[in-house]
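S.K.: Below, each chain spelled out in residue letters.
Number of protein chains: 4
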Amino acid sequence: MGQRSIGIGMVGYKFMGKAHSHAYRDLPFYFDSDPYPVMRAVAGRNADSVAEAAQRMGWSGYETDWRRLLERDDIDVIDICTPNVNHAEIAIAAAEAGKHILCEKPLAMNVREARRVLEAARKAGIIHMICHNYRFAPAVQLAKKLIEEGKLGRIYHIRATYLQDWLADPMSPYSWRMSKEVSGSGTHGDLASHSIDLARFLVGEIRSVSGLMPTFVKERPTSDGTTMQVDVDDASLFMAKFACGAVGTFEATRYARGNRNGNRFEINGERGSLRWDMEKMNQLEVYFSDDPADLQGFRTISCTENSHPYGDKYWPAGHIIGYEHTFINLMHEFSQGIARGSNPEPNFEDGLRNQLVLEAVEESNASGRWIDVEEYE
Amino acid sequence: MGQRSIGIGMVGYKFMGKAHSHAYRDLPFYFDSDPYPVMRAVAGRNADSVAEAAQRMGWSGYETDWRRLLERDDIDVIDICTPNVNHAEIAIAAAEAGKHILCEKPLAMNVREARRVLEAARKAGIIHMICHNYRFAPAVQLAKKLIEEGKLGRIYHIRATYLQDWLADPMSPYSWRMSKEVSGSGTHGDLASHSIDLARFLVGEIRSVSGLMPTFVKERPTSDGTTMQVDVDDASLFMAKFACGAVGTFEATRYARGNRNGNRFEINGERGSLRWDMEKMNQLEVYFSDDPADLQGFRTISCTENSHPYGDKYWPAGHIIGYEHTFINLMHEFSQGIARGSNPEPNFEDGLRNQLVLEAVEESNASGRWIDVEEYE
Amino acid sequence: MGQRSIGIGMVGYKFMGKAHSHAYRDLPFYFDSDPYPVMRAVAGRNADSVAEAAQRMGWSGYETDWRRLLERDDIDVIDICTPNVNHAEIAIAAAEAGKHILCEKPLAMNVREARRVLEAARKAGIIHMICHNYRFAPAVQLAKKLIEEGKLGRIYHIRATYLQDWLADPMSPYSWRMSKEVSGSGTHGDLASHSIDLARFLVGEIRSVSGLMPTFVKERPTSDGTTMQVDVDDASLFMAKFACGAVGTFEATRYARGNRNGNRFEINGERGSLRWDMEKMNQLEVYFSDDPADLQGFRTISCTENSHPYGDKYWPAGHIIGYEHTFINLMHEFSQGIARGSNPEPNFEDGLRNQLVLEAVEESNASGRWIDVEEYE
Amino acid sequence: MGQRSIGIGMVGYKFMGKAHSHAYRDLPFYFDSDPYPVMRAVAGRNADSVAEAAQRMGWSGYETDWRRLLERDDIDVIDICTPNVNHAEIAIAAAEAGKHILCEKPLAMNVREARRVLEAARKAGIIHMICHNYRFAPAVQLAKKLIEEGKLGRIYHIRATYLQDWLADPMSPYSWRMSKEVSGSGTHGDLASHSIDLARFLVGEIRSVSGLMPTFVKERPTSDGTTMQVDVDDASLFMAKFACGAVGTFEATRYARGNRNGNRFEINGERGSLRWDMEKMNQLEVYFSDDPADLQGFRTISCTENSHPYGDKYWPAGHIIGYEHTFINLMHEFSQGIARGSNPEPNFEDGLRNQLVLEAVEESNASGRWIDVEEYE
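Residue numbers (my numbering), protein chains in the order written: chain A, 1361 to 1737; chain B, 1361 to 1737; chain C, 1361 to 1737; chain D, 1361 to 1737.
Be aware that a few hints might be false.
Because identical chains share one entry, a pair is satisfied inside a single copy or across any pair of copies.
[Said to hold, decoys possible] With a Cα cut of at most 27 Å, we get these calculated BS3-like pairs of lysine-lysine:
(1) Lys1374 x Lys1540
(2) Lys1673 x Lys1640
(3) Lys1673 x Lys1504
(4) Lys1640 x Lys1504
These are calculated hints, taken from the structure and not from any lab test.
This one's a predicted model, so the numbers in the text were calculated from it and none came from an experiment.
Use the sequences and the hints to build the structure in full.
M.R.: This is the structure we're talking about:
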């Protein structure tokens, strides 16, 4: 078929590693992506378990040191699925080795690190992308299109929540996710960063924030019968002012019983509104004030038509897709970016801008004041 | 039937006057309220139009000066449905005349006024109530019961929105509601005050707030072809810390297309969650984490059973009630307060506490800092 | 105001008597109905309880024999809220006495009786109406308007259900509603008749039917410790062919757990679809295939705008109304019919046509064959 | 890993061929299926297009005559994804060749053919399965579990609809799907057969039916400017009596605007109810009458927990799956059947029973009478 292949080396093989592997595997089935990914090797420290993972997920080989991936000529792309604490080091090394990079979010542990990663990537001239997969739900892409076409007019509001509930029980055990040293933050970098990316994508840049990052349960039991201190946020709430004049409310938490993966937003503009909920990810609710007075109401659009973004790649209308397809679509965009030699969005610049907002919220939480998001050109 | 009657005199006869009149009219039909209200007179300045209103709504008489109501022996209760700017004056005079008082929200234009009203009412020893009608939706009462019984455990979160959309068009004409002098505030006192009342009712007192009160459209056309400056908020957003340790996000606006009367909240606790939406006011959504692992989910309860609050007063289960019934239930509670000689809730103390929160948000908006809500004993 | 009054005499004062009384009481409050109803007297056999009901519900007087109502000159309208078995006798006598008649559904126990009632009403030249209140939900009126305007094009399908659940427990006690002699039928005349009325209103006449009327629990306990045989249907299912070429499925039951008053329909036409659910009665869901390909979806319209049927009579948009308002709207139409001297719809002719369908379904259930609905001119 | 492989040969590569191919591809990624499928060859008449399909979907080879697949030793399973008219011939030949068979629904063009297929499969002793994929949605599996555990008690009702809308426009062009000779039937075998399978799975065998199969548009345009007669049903409606005493209504159509893939059911039992909708396939709505009186309501369960059927195979709770996963789950069950040497469900016996119901409905439609479903042992 004349398509070019591109060799992938992935670091890390847990939840995100699974999602990425599956996407590489399925991409050529659904898309005529050129170049198409070839799953060369996955890296992990434990030989037995990385070998098992490689076989189960369809990687041709494995490495026990991620640096080995950088040395291989058959690998063009480094995909970073490790814990946050390792993102920057791997990304910088990969850039210096001339590899294209797909990095899981957040880009780094903090703004300083994120800047260094972006700088390295720019200097190397490689293609880079950050893995905010929710942008690639067809309904979110349709939302973007409607906003860009001016169908909503001037944007006034966004309210975005990302609600989970796995920590609502105060006796749930301690994990590394509750350690600032290992994770950087709690809910904030994990969930709020997704909402920030969606807001930036759809409404534009955030200029200033006022934040609140409570820790509800300050000590949790461990498996050995002792307890550990929690030093990260349990929830992250903030208000935001956007460059375009819109205002936003954001709320992310792991304490909202009954919400397993409640990544949602509502956007209100001069001429219409939009609503989306990841747990019903195929649907976009849309309201237009231009509809006749007695026929106005939110429409529930099943974004599964051929006319919808990515709609012609999967199944007939009404035959819904799921979480994993957001990654397949993302991998396609990454592939297209490599093909045309320009960075897709969101890339490391978006990763840095996201981190600037995260850090401003943290600073606001500490100071009790509104904080301007640092400008970045 | 041996019931006692109680004479009502009402001031003002627009939207709220209509809602109150209807409730007095329907109360004896649905409830065996003792005492039951007798609609003696409505007061308004324009003789023709108050006379017409009196006849249409079922008042026995009318007055063109509200002070006349205070002089009449056949009137036991003054019901204040005027614009906000007049609440305090009428309430204080009514208290001094020894009349029981039902006052529309907000209690006054500011905290200082609200304090004076409460003081006057206390001094007079009359029964007083403030008209936060949404508390009296059966679903909200059920929410209260579940929280009080501990079914949700410790409360972590409330997120409350009150979304309307009648100002989303920047060419919508100017009205007195956009004048600070006449209205005190815009969306803030009008809509956010309802959310504050629901939050105080269900979650408890608010200790501190960080607020943002944007004005999106600063000038609006008038009927005479000129324009007028808008000097009130178009939206009111704030974060709150509660005495109980919970945190909240609040958002009220008149710019959320497609939301006509979107008074909603979600509350998350240690053992469960609740959701309510005024536009589906008969329903309460409830989630319990104690349900078996594979059977957990939000239940949609139609709060129309005999076993539900006020459920035996109206129609068989599933035969829904509407907005106006919140007022009928409220009037019943007011009548019961009079019968037993103690203030129902919410009363003027709640009115003042609400105003303290409103004012703290305004101060926060002005200063860009978190503001402690003034303590009140 | 120059309006004329019209004296009402009502027979029966249980559930329907309560709903009708309330509607008379509220009608002048919401509508400038001319003539407006005056609640003269309610009739019932037990003096104490009818006296109590009269007082509670706001009737000026009462009678212990309904025939007395026919003799009174101050009574212009007889409103029949008795058990079905008495409808025909009272209606015929009322017509012969020259009274206008509002009759609860079904019009009679069977087609033969219904014909006699209609004949008597026609001969007397009085105004008559049958109380299919659900037609008067604003959302249903909007549905009618859209269909009449051709917004749906040719109609292909209606599927109508009326699901209740109060008999799902086989140990629920026996009542007179399970006796054919007293009630005529079970679910069939009680619930299916409402669906038939909505279908006739919206889609037109039904030509033939195939029906199934199961009795799931054939014997039920009584309060005295014995059991009684159930000889009516527990559920009523049928398929229908309409004069316009559409087909329909109908299902009414008292055995559908979780459905308290699930009166619902969906209509599919060449150019669009409609959905309605009584338990969310303010909403109409509407789909138009003329919408752009990527913006098609069911809109949820809150039928509470001024531009909606009856929308200007109640509250601002989004402030929902309930079950009882369907009766207020109906009483208004009845009043208008009297004013202009022509029968409103649905009237006794609709009552007869409804009964013709009911009887055809019963015959089909007995014979196991499709049955043509008898033609009626 | 010590797992055995099993060679697959597939006939046909359109919509169903794509769904099956994807499932084979993904099965080893998600499940430790033993044996796991190896995609050996796909068969189709046109060499170029079958070669292209093989490459795109991941088949090692292809054949231009399906009979060639039967001759190959490296192929253990024949998967039949052809038009209905070819199912029987291929299945019988495959059975005679000793291949296991997975056959798309319906099993054959009619009962007579279906019997022959089942007989051949039994005689050959091969493992067989029919591809009613919707059984394998986790929510449907949970429904099955709840019913089997008696959580709903005795079943009274099922109402099942399968609503699509791609023929609602009378000017939509003619296709072979509207030809009885090629397709056997229209909506009936295509959509109603799925509802029948779900009903049989969840409620049990159907004893008798009364059906109606209208053709709304009898002539359609072709691409060459002429028109063609439609001789299949546009919709299929029927009522059913089940062996267990329950009754059902079924409705399938291609004329229900706004419903792209509306495969839905509601089941009502003595102690509870269930609702499912394919377009929200991750959710099961469940109602229990044993819940406390004031806490009864349908729960919306997201069937994505580890504790749910197949829930541990995919993603964390709330990260939804889609249409294609029903096939992956089905392929796993097929693999397990092969491993243990006994037929999974649904198999060809289910295929035949399904066809018996389909044929009874057709006969009822022709005769206007209730028809007993032929018994089958």
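S.K.: Hints first: check each against the structure and report whether it holds.
M.R.: A quick look at each hint next to the structure:
For the homomeric pair lysine 1374 and lysine 1540, the shortest alpha-carbon distance inside one copy (20 Å) is at most 27 Å, but the shortest distance between copies (52 Å) is not. When the C-alpha separation of lysine 1673 and lysine 1640 is checked against a cutoff of 27 Å, the pair qualifies both within a copy, at 19 Å, and between copies, at 20 Å. Taking the closest pair of Cα atoms, lysine 1673 and lysine 1504 come within 27 Å of each other only inside a single copy of the chain (19 Å); across copies the shortest separation is 32 Å, beyond that limit. Taking CA atoms no more than 27 Å apart as the test, lysine 1640 paired with lysine 1504 passes in both settings, with 18 Å inside one copy and 23 Å between copies.
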